[in-house]
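Residue numbers (our numbering), protein chains in the order written: chain A, 8 to 516; chain B, 5 to 309.
What the hints contain is simulated information worked out from the structure, not anything from laboratory work. Don't take each hint at face value.
What the hints assert, rightly or not - Counterexamples of contact, computed for chain A against chain B with all Cβ distances above 10 Å:
no.	residue
1	Arg88
2	Gly106
3	Ser184
4	Val185
5	Tyr212
6	Trp213
7	Tyr350
8	Trp402
9	Asn406
10	Glu487
11	Asp495
Unchecked claim - Short, incomplete list of chain B residues facing chain A, as computed with Cβ under 8 Å:
no.	residue
12	Val31
13	Gly35
14	Pro43
15	Thr47
16	Arg85
17	Tyr86
18	Gln104
19	Val158
20	Arg171
21	Ser205
22	Ile209
23	Pro259
Ideal Cβ positions, reconstructed from N, Cα and C, are used throughout, including at glycine.
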Amino acid sequence: MKHTLRTVVIPAAIHILLLFGFSVAQNQITIATAADLDGFDVHGHTSVVQQAVLINIFDTLVFRDPDGTFTPSLATEWEPRGDTSWYFRLRDDVVFHDGHPLTAADVKLSFERPARDSSLQQHNFFQIIREVEILNDYEVLVHTHTPDPVMLNRVSGTGANIVPQHYIEQVGWSEFSVNPLGSGPYRFVEWHRDDRLILDAFEDYWRGRPTYDRVIFRPIPEGSTRVGELLAGGVDIAVELPPEDLSRVESGGNTVAVPWPTSRIFNIMFNVRDDVATGDVRVREAIDYAINVPVLIDLAANGFGVPVRARVSPGIADVPMEYYDTHVYDPDRAVALLEEAGYGPGELSLTFHARVGQFVGDGAVAETIALMLGQVGIDVDLILLEPSAFLNTVWRTENVEHMILAISANSFMDGWLAIRGQGCDGVDYSMTGYCNPEMDELIPAIESEMDPERRADLVRRAFEIVWIEDRAQLALFVSEGFAGRRADVEWSPRQDEYLWMFDARPREQ
Amino acid sequence: MGRYLLRRLLQMIPVVLGITAVIFVLVRMSGDPVVLMLPDDATQQQIDQMRAHYGLDRPVVVQYFVFLEHLLKGDFGESVRYRGQSVASVVFERIPATLQLAGAALLVGVLISIPAGIISALRRNEWPDYAATGLSLLGEAMPNFWLGIMLILVFSVSLGWLPVSGRGGPEHLLLPALTLGTAFAAILTRLLRSSLLEAMSQDFIVTARAKGLAESTVLAHGLRNALLSYVTVLGLQVSSLMAGAVVTEQVFAWPGIGRLIIQAINSRDMAIVQAVVILASLVVMTANLLVDFAYGLLDPRIQYT
Numbered sequence: 008m009k010h011t012l013r014t015v016v017i018p019a020a021i022h023i024l025l026l027f028g029f030s031v032a033q034n035q036i037t038i039a040t041a042a043d044l045d046g047f048d049v050h051g052h053t054s055v056v057q058q059a060v061l062i063n064i065f066d067t068l069v070f071r072d073p074d075g076t077f078t079p080s081l082a083t084e085w086e087p088r089g090d091t092s093w094y095f096r097l098r099d100d101v102v103f104h105d106g107h108p109l110t111a112a113d114v115k116l117s118f119e120r121p122a123r124d125s126s127l128q129q130h131n132f133f134q135i136i137r138e139v140e141i142l143n144d145y146e147v148l149v150h151t152h153t154p155d156p157v158m159l160n161r162v163s164g165t166g167a168n169i170v171p172q173h174y175i176e177q178v179g180w181s182e183f184s185v186n187p188l189g190s191g192p193y194r195f196v197e198w199h200r201d202d203r204l205i206l207d208a209f210e211d212y213w214r215g216r217p218t219y220d221r222v223i224f225r226p227i228p229e230g231s232t233r234v235g236e237l238l239a240g241g242v243d244i245a246v247e248l249p250p251e252d253l254s255r256v257e258s259g260g261n262t263v264a265v266p267w268p269t270s271r272i273f274n275i276m277f278n279v280r281d282d283v284a285t286g287d288v289r290v291r292e293a294i295d296y297a298i299n300v301p302v303l304i305d306l307a308a309n310g311f312g313v314p315v316r317a318r319v320s321p322g323i324a325d326v327p328m329e330y331y332d333t334h335v336y337d338p339d340r341a342v343a344l345l346e347e348a349g350y351g352p353g354e355l356s357l358t359f360h361a362r363v364g365q366f367v368g369d370g371a372v373a374e375t376i377a378l379m380l381g382q383v384g385i386d387v388d389l390i391l392l393e394p395s396a397f398l399n400t401v402w403r404t405e406n407v408e409h410m411i412l413a414i415s416a417n418s419f420m421d422g423w424l425a426i427r428g429q430g431c432d433g434v435d436y437s438m439t440g441y442c443n444p445e446m447d448e449l450i451p452a453i454e455s456e457m458d459p460e461r462r463a464d465l466v467r468r469a470f471e472i473v474w475i476e477d478r479a480q481l482a483l484f485v486s487e488g489f490a491g492r493r494a495d496v497e498w499s500p501r502q503d504e505y506l507w508m509f510d511a512r513p514r515e516q
Numbered sequence: 005m006g007r008y009l010l011r012r013l014l015q016m017i018p019v020v021l022g023i024t025a026v027i028f029v030l031v032r033m034s035g036d037p038v039v040l041m042l043p044d045d046a047t048q049q050q051i052d053q054m055r056a057h058y059g060l061d062r063p064v065v066v067q068y069f070v071f072l073e074h075l076l077k078g079d080f081g082e083s084v085r086y087r088g089q090s091v092a093s094v095v096f097e098r099i100p101a102t103l104q105l106a107g108a109a110l111l112v113g114v115l116i117s118i119p120a121g122i123i124s125a126l127r128r129n130e131w132p133d134y135a136a137t138g139l140s141l142l143g144e145a146m147p148n149f150w151l152g153i154m155l156i157l158v159f160s161v162s163l164g165w166l167p168v169s170g171r172g173g174p175e176h177l178l179l180p181a182l183t184l185g186t187a188f189a190a191i192l193t194r195l196l197r198s199s200l201l202e203a204m205s206q207d208f209i210v211t212a213r214a215k216g217l218a219e220s221t222v223l224a225h226g227l228r229n230a231l232l233s234y235v236t237v238l239g240l241q242v243s244s245l246m247a248g249a250v251v252t253e254q255v256f257a258w259p260g261i262g263r264l265i266i267q268a269i270n271s272r273d274m275a276i277v278q279a280v281v282i283l284a285s286l287v288v289m290t291a292n293l294l295v296d297f298a299y300g301l302l303d304p305r306i307q308y309t
């Protein structure tokens, strides 16, 4: 009897328990991210990295398809009414995770709070909203101070998540920021800062119950560790992987590398004031022709990038895509332009500020640019700064002598975001001194033009002025990345970088 | 002893106040957290409004006294990153993980260094000594960042024996503790070796042997004397353990104080930085106090009044 117990019953019990554990684990998906959340206050951040996770807990009125098309979400219909109002009809079958129905009152709170509280980071994007008028439980009219042609971008993006009024009135924002309640496909279970966020499937989700019972987000800051977890099976999806680890993931056996599109563009901004060398458009043009962007991408970004001549990328509305996947390179012309501007070989010295350590390859890109400029006779004093030092000492200050390397994304998914600071009193003026009166007319026109076609023409004209005619900035390439997934998981990255787990499912073998 | 303890505890207060004042000024001189938290194209008006919200528009001296006033009530201020969340809870939440990792690394360091140091001293200029000294040099020279990644590659990815990262059961602790404890063990091994060699060459050891004491007893006498400097360095290493834990926590995604302080410094999250610095100061001073008491246990000639 003892022998049977030891050799048969106990091992069988262990195997059964392991199988049970395996079957539980099989209905769970774990995602390794590069950074953790700061909390669940949807208005307290402007980070796409945060929204990428929060979208699983909180819905928005409008949602984007993977190709960027606006589709109904909590709102089934919408239309502009007059110049300064937008109408939204809400679904009447949505409940929060505690069963409370989602109504117009929740939308009112969700938009009016960031619109009125200037201490919130999202105030910048919502202050255009004057009031949310409740027509009835499932219809609202969003009134704006000025015409808002990008309302759909606003209500589908970062900070636009709908939060529960009844719950927040009960517990307050502080408690909500650590113990959230939403209406999304997954409900909050527990959060251990810098360790893991655990979400369970919401049975009554209006789109239908999600496939996975449980989703776990694990913030793992070190890229090679994320790769290790993916290869070892500790996670099912790992994002923002180091380019140099592509071959490891591709040859991992059970792992697949997937392209990770971004809107992140490496962009040189010039000080264009008359009293500095880069104030001469011929010098800026020479720099444009001196940089071999495809080689730059290969050398400094491990081949992960697409050349551009303006801040354009797929999925961004109204941007002139003829400037995507194109570049100019002519070092002889660069030398000729410099001579025309009065600079022989070695006679021009430029200061070049860049940050290092914030994005993959940022330092390497700056160093490679400096080398390329050196080949056409420009002596570059490259100053690499840690990101916070860069932002505090260089960005939007008057400390930019000639040029800086900016790395900018477009989470708003609209061309307006790229040019909104380029007016004569724009936020970039202190750095660049850039002032073109035509831009001062175009920017407010773009911000108020409600006709999509006319607006697209205005945005195109603004891009041409900044990047092509004036060459006030020099767009280099849009950065690409890659993520990894286990072979038994079906999931694809999105252009807006949301980690939308509702669409993830086990792959049919 | 009681008066000595009370005096040492009271001495901690002005030290902590001095440290907080220095850190308070340094963090504010290092940059503006509002610029870091807002989008790159935020307007000056938005920046000014946010600064006013966090009280950063007031003179530094005023800010410091407001901070002290709140500190007396146990309020470390408002975190720019963890908005609306208690700074104390954010910091204290990390303590168990940090203690777990530091304690395990300390244990690794002691468990390796004591036998290695003893063997190395007793078998001086023989192969065990060469092996221990060589491995110590290797352990000190090896960057723990590299060591951690190598351990992950071998034991987690290739062999699949241990988890890659994160906090969980004892199996999660092994690789991070080895990574952090290796350099620690290396330093202590060499220290114990030289201290023990010196102690074993003293006259009282000759006397002990002449009296016919067993060699193990002689070693015990020598070891007790050698441990004085060992314990001193052990206490000093507590602070470097916390510093080294920053890198280890990054590699192994360990949710400790090291990771928190790096994120806080990068984002100029002053409230978090100040809270962690106060905590770290108290830990280091407490460690030094415990080291002083350990002297009294090791050397009966030492009296505290």
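Verification of the hints:
no.: 1; hint: Arg88; in the structure: 29 Å, holds
no.: 2; hint: Gly106; in the structure: 25 Å, holds
no.: 3; hint: Ser184; in the structure: 5 Å, violated
no.: 4; hint: Val185; in the structure: 6 Å, violated
no.: 5; hint: Tyr212; in the structure: 27 Å, holds
no.: 6; hint: Trp213; in the structure: 29 Å, holds
no.: 7; hint: Tyr350; in the structure: 31 Å, holds
no.: 8; hint: Trp402; in the structure: 7 Å, violated
no.: 9; hint: Asn406; in the structure: 13 Å, holds
no.: 10; hint: Glu487; in the structure: 21 Å, holds
no.: 11; hint: Asp495; in the structure: 17 Å, holds
no.: 12; hint: Val31; in the structure: 11 Å, violated
no.: 13; hint: Gly35; in the structure: 3 Å, holds
no.: 14; hint: Pro43; in the structure: 5 Å, holds
no.: 15; hint: Thr47; in the structure: 6 Å, holds
no.: 16; hint: Arg85; in the structure: 5 Å, holds
no.: 17; hint: Tyr86; in the structure: 6 Å, holds
no.: 18; hint: Gln104; in the structure: 12 Å, violated
no.: 19; hint: Val158; in the structure: 11 Å, violated
no.: 20; hint: Arg171; in the structure: 6 Å, holds
no.: 21; hint: Ser205; in the structure: 47 Å, violated
no.: 22; hint: Ile209; in the structure: 49 Å, violated
no.: 23; hint: Pro259; in the structure: 4 Å, holds
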